[in-house]
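Student: The hints should help you fit chains G, L and W onto chain Y, whose structure is shown.
There are 4 protein chains.
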Amino acid sequence: MTMDIKDFQIPRLGRAQLDSPLDPSTAFIDDGATVAYDSDAAKLAEYVRKGKTIPAFELAGPRARIYHDPSWCKAAVLTAGGLCPGLNDVIKFLTSTLRGQYKVPIVYGIRYGYRGLNPASKLAPIVLTDENTDDIHEQGGTILGSSRGEEDTGVMVDTLMRMNINLLFCIGGDGTARCAHDIAMEAQRRGLSISVISIPKTIDNDISFIDKSFGFETAVAACSRFASGANNEAKGAYNGIGLVRVMGRDSGFIAAYATLANSYINYCLVPERKFTLEGEGPDALLPNLVERMNRKHHAVMIVAEGAGQELFDKLPEMHDASGNLIHNDIGILLRDKIREHFKKLDIEVNVKYFDTSYAVRSGPCHGADAVFCAMLAQNAVHAAMAGRTDMVIGHWGDHFTHVPIALATRERKKIDLHSQLWTSVRASTCF
Amino acid sequence: MTMDIKDFQIPRLGRAQLDSPLDPSTAFIDDGATVAYDSDAAKLAEYVRKGKTIPAFELAGPRARIYHDPSWCKAAVLTAGGLCPGLNDVIKFLTSTLRGQYKVPIVYGIRYGYRGLNPASKLAPIVLTDENTDDIHEQGGTILGSSRGEEDTGVMVDTLMRMNINLLFCIGGDGTARCAHDIAMEAQRRGLSISVISIPKTIDNDISFIDKSFGFETAVAACSRFASGANNEAKGAYNGIGLVRVMGRDSGFIAAYATLANSYINYCLVPERKFTLEGEGPDALLPNLVERMNRKHHAVMIVAEGAGQELFDKLPEMHDASGNLIHNDIGILLRDKIREHFKKLDIEVNVKYFDTSYAVRSGPCHGADAVFCAMLAQNAVHAAMAGRTDMVIGHWGDHFTHVPIALATRERKKIDLHSQLWTSVRASTCF
Amino acid sequence: MTMDIKDFQIPRLGRAQLDSPLDPSTAFIDDGATVAYDSDAAKLAEYVRKGKTIPAFELAGPRARIYHDPSWCKAAVLTAGGLCPGLNDVIKFLTSTLRGQYKVPIVYGIRYGYRGLNPASKLAPIVLTDENTDDIHEQGGTILGSSRGEEDTGVMVDTLMRMNINLLFCIGGDGTARCAHDIAMEAQRRGLSISVISIPKTIDNDISFIDKSFGFETAVAACSRFASGANNEAKGAYNGIGLVRVMGRDSGFIAAYATLANSYINYCLVPERKFTLEGEGPDALLPNLVERMNRKHHAVMIVAEGAGQELFDKLPEMHDASGNLIHNDIGILLRDKIREHFKKLDIEVNVKYFDTSYAVRSGPCHGADAVFCAMLAQNAVHAAMAGRTDMVIGHWGDHFTHVPIALATRERKKIDLHSQLWTSVRASTCF
Amino acid sequence: MTMDIKDFQIPRLGRAQLDSPLDPSTAFIDDGATVAYDSDAAKLAEYVRKGKTIPAFELAGPRARIYHDPSWCKAAVLTAGGLCPGLNDVIKFLTSTLRGQYKVPIVYGIRYGYRGLNPASKLAPIVLTDENTDDIHEQGGTILGSSRGEEDTGVMVDTLMRMNINLLFCIGGDGTARCAHDIAMEAQRRGLSISVISIPKTIDNDISFIDKSFGFETAVAACSRFASGANNEAKGAYNGIGLVRVMGRDSGFIAAYATLANSYINYCLVPERKFTLEGEGPDALLPNLVERMNRKHHAVMIVAEGAGQELFDKLPEMHDASGNLIHNDIGILLRDKIREHFKKLDIEVNVKYFDTSYAVRSGPCHGADAVFCAMLAQNAVHAAMAGRTDMVIGHWGDHFTHVPIALATRERKKIDLHSQLWTSVRASTCF
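Protein chains in written order, with the UniProt record's numbering: chain Y, 1 to 431; chain G, 1 to 431; chain L, 1 to 431; chain W, 1 to 431.
The set of hints was computed from the structure by calculation and includes no laboratory data.
Be aware that one or more of the hints could be misleading.
Identical copies carry no separate label here, and so any pair may be met within one copy or between two of them.
[Stated by the list, open to error] For lysine-lysine, the following BS3-like pairs were computed, each having C-alpha atoms within a straight-line distance of at most 27 Å:
1. Lys-50 - Lys-74
2. Lys-274 - Lys-413
3. Lys-343 - Lys-296
4. Lys-212 - Lys-413
5. Lys-122 - Lys-344
The shape of chain Y in the complex, shown without the other chains (with noise of 0.2 Å):
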């Protein structure tokens, strides 16, 4: 992918000279620190030879001088798509960073997504405050309630005005970011100082130019329990085949990174490795399966819901509320497909199948992913009250960083499968 780099620059609601009012030990990062692109030595030190800029992420964290006065901001939260260990975490901290360190006066929560901005919904919003937000990490989903779809970009706007929201803060995905930067656009031809920043979430850790997004490793850790089961089906049946769906739907992070961390797994199916049902070669699955049955009787396979669509009749493609490509249930289709494939073979096969994913993606967050929850939202804030928006924040080689939203959401992140990763998962499985 070709960039430039513009791609790289995020916009400015005006200039920041106010004194942050952040405790004078902080550490306060220098206004044009950056986080190179790349990483390789001698890749950066040809930009310099040629004369050009190195590609380089903006650094967040906390600026010694702001854009918004404290004292006049009213922040709001909204949660929009799918749960993902975590949404509340983040919600919380966006809470108290705004109250407790910037004393922002007025936080409120968006109920159900950009629905909440609509007020056709007759949703109002919730104030949030350390109280209401103290125990939320311990409990998965969302305590403002999430929604798929969309809404009126200007009633949106009218709303924000109405209100006298200056910080919004959108916790979402792809269709989310999108949506938030359509009300950053808006915001600017009023004339409006809102600064609009979009928090990514997906438990599919997909997002291009962002390293790692909240909730996927405690995804990982909750795959381990039903892979584990998945194993303990396949060895306790004559030709036992457990079979794992989890989530994935363009990228299968989520499979191979499970697959890795339970070696029991023998075949790991995602959307970027194609294969057909039948047929000959390495790409055949069936053929590959049947033959491990014969010789170990015994097999576990997970399956991101997004691999092996090419198998589906040619339907017509349909969408979901957000805009998702809705896809076939591969998971059953690969049930049926076993089945259906030993009998015709009159070989005995006991499919026992598991679907992951409202387990998994409905619990709290966990341990170091908890933290990078705490801080993904702490920098939030900071990139907001430094009077940036139309940005997600993201994270990329163990820095916080801004990310325009329009480079975020340009592609999906995929598994390389020439990289290390999926070497990796190809070695300890057998297709």
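Tutor: Same frame as chain Y, now just chains G, L and W:
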């Protein structure tokens, strides 16, 4: 149910006249010790006053004098039917009690249930030792493999004779116990001194005359994760409904216990309680649900797999290889009918469906449930060594008992809708 | 222990002549229903033949006719003593049964045990509602706070009078129950119609006449993590010893159950079984340990806090604020004595010490244990509404029972070293 | 710290001129590929403009051409120092990569760290295979056993020579890496072509030039259970204080992360931040605590084992067998000093002390942390096969790296009190 005192009598292979090899400090059980079926003092007194014998189970436990000479014994263990937490615990403690306490020289693990007793299967048994069973309780499933379906009784007894097996432990459900009964009968016909002991496995806790079955408590605890996730999904979407299907083919004990353990469950549907989808009155599910959604905008529903079977169009009955009636999938039916009904009423609804069965049954057993497995296995060995046969190891009012297979399999235990359990469930739900 | 039939009689405040407000479909309990203390049929028959009454507990459960008029009731709940999994479950279900089923208008939560009944503490009670108790079962501890120590009975009854409290629920151990007894006596002396019901809390499961106490099963399961870690530490070092201290002041049930649930535990030390450190014979711990270490090079030992108290130099006895004997720390003593002994013998040893107590007792309650809490609480309310007082809610042979406080606190339940439980523990350990 | 570009150079045993046996589709790493130490674009550009080389680590990964001929290889793996989640994962993946991918015929597991390389220990190595390492990642600890302490370098190299070992993997901390360096040096002196690769194990995450160490994230997650229990204990008693001691000998990363992941922690004490017990000002702990208790009546405190060492009376320094400074027990000191201080002020206080260390370090590794172990091990094998030696496998900005042992052990990584991490901790605590 009317019962005769003969219903409680356990067949014995002969007089137990050998000294037990157990440590002399062991609290041996007197051979006449019993556990009364009833507990109400007035009712108990009435039996005596009327000159009747108090109906009672034989008390389980080690006997000071045993029937089988351990040094001449060969034991075999098999697991049949679906997985259940604790199978490996039982296998482990059967092995350690037989070998460690009674010094039985050989314990075979039969592969894949009764199938492994049919030489046509070509499934050689495993020799079970302390070494190869040491850690198995930490993993779910069964190291022996399991299967459904029956084998010819004569063929199986031929195998037992050929292998000189005189102690057979069959871990499984109703079907398994009936098969064990057939083997015991056939062995008797042939004049063989084989103790056939069935260890009741039913994750549904639905065996009559047995107040608690292994794996049940672990299953209830495992359902909580899903119930909690369902609650988060329900609250995370506008008009969200979390729908959780749990095990419970004929009896809804898991659903009822999970409801009491997770008090945010609003609907508990079990086979014992009939309901209709539409219509009027207190048993019409969908109108009740509509009313709740309009009021609360979220609901959590747990449904046992055997609930609402009468809702399906009358199809010809189908049975699986174990002879169990195959149920239509009530979870899927409810999911679809709810969506349809709300669509018809033009009310938004977001149903998130969780199918827990394999995930719950394939895990390891925990805590007191594991202790229960250990003691069940030890008592099974004590019974076999004392020359009992054609029986299952049961539990009644805090004591382990001997229960004739015919009694244990006579009918399934079901939730009494007038019991305190169901009253409690009613009190904490809205249907 | 000889018991008189009067030992089982529960005081009643007066005739229950009001109709219960519970749903008429409720399976009301007949007021004369009982649960026999014995279970052996022969022993039961003998009572009758000798013209004696069968000793039996009153059966717990809802009565069709009650004593207290719910609309005039004020209830209070308190928790005393150390934490135990399930306290919040009991508080929640007391509240929901009182308010939801009996429509008692006010339920107070008394802060920090009996202290909150002393106005000098200036601790205002909380009003408990469905809203503020809805989620509390998901967290450990007690939302009311707890304390040890006694308050003046007269002062406390003054408070109950001033607050018009006529239903008092005291969740706690022996000391708490004795205090509840004193309050009941004082109320009787003053002619007050106050039902005082004690809900037995003992993580050690050591109450006589009660076969199971809440939190015990959760505690056993929680110990497994530590036992597993101790096993890893023991095997991870040359001559490694994993030493785990668990709760069990006077009775070693947790240690015994944890041993059976985690069969790699090699030594189970409980208060009931005396042992010496040095010396000879089967009760000398250190020589046995040396022998094992020389043979196996690792060992796992679990020790109840009350074990081996006789090993300490005779110090003057000390008691804590609840009047419990303060034990010397046997875990630390063993750790040090083992190190010393092996050093003396010039054998390398690596002792890793785990103290589990607070970590085990402070977590939430799970699964069937949570259901047990719910039913215990419901039955406590039924008993109070029916006009019972001066009693604890017990459990015997699968039934909930009413047990007079004097009987319940007469002596502690201990492990019978000739029972099947201890025989099983012996069989799976080496000491 | 000033660094020279030579600090980053990895010794090579010779020219890698054999074709790698890995699947040709593998994404081989170019031998000159690097990972820049710095990430700020301006700083990177400045190096080039000044004519300097950009400081950078060698990038880890499989090479198309390797140095060792696999069919002639013998590998050995050892674990040294304290337990850490993931040791068995690393052992497993070293084995599977060596045997499965490179077809190295023999992989030895050396028992109990370097001790197993001293023939005087009479500890025979284990032959590691796919079979005996298949499930080991599901258990904590190390199947090889570990030990502290050093052995004579010459003796160990004699053993390597006698056993024909040319690939040595040493999993351990600083001391282990230094010892590996000595072995590499001695091997070089003797002209032996032995690749010595150290895999950094530090649950404290305190190795400089390595941004993440295995087991750390699992440890942080495991601390949450204890923090939650401490919170329950603190709130469950009047003036309750939950005090949790965690690992962190010289660096407080676990304490800091656990604080951010569990936001009810009010005090986070780490070695990097000095404090006094009494006195005045912002660094006086006890007065701050008194003030909080008077206001809130409960507090949760987490303390790294190495915090507050300056509070102990100056005793002669002591070191353990690995040469680590033995710390006085700050947890016990705090517990006692807090009690003393409040007693002096005549304020009731209830301190509940949790020591987490063994319980945290002895469990298995989960999720993404397990994937990290897998990739660390694979890269260690790639490095060895490519002829690298005297290095550790590191991780920097999302890439695996080669780090010279001398650089990795130069100094410990510590929390920068001016970093965003510490600022975040400060913001969520009160001290």
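Student: Take the hints in turn and mark each one as holding or not.
Tutor: For each hint, the structure was consulted:
no. : hint              : in the structure
1   : Lys-50 - Lys-74   : neither (46 Å within a copy, 47 Å between copies)
2   : Lys-274 - Lys-413 : within (17 Å within a copy, 44 Å between copies)
3   : Lys-343 - Lys-296 : within (18 Å within a copy, 48 Å between copies)
4   : Lys-212 - Lys-413 : both (11 Å within a copy, 23 Å between copies)
5   : Lys-122 - Lys-344 : between (57 Å within a copy, 23 Å between copies)
Hint 1 from the list above is the single one not met by this structure.
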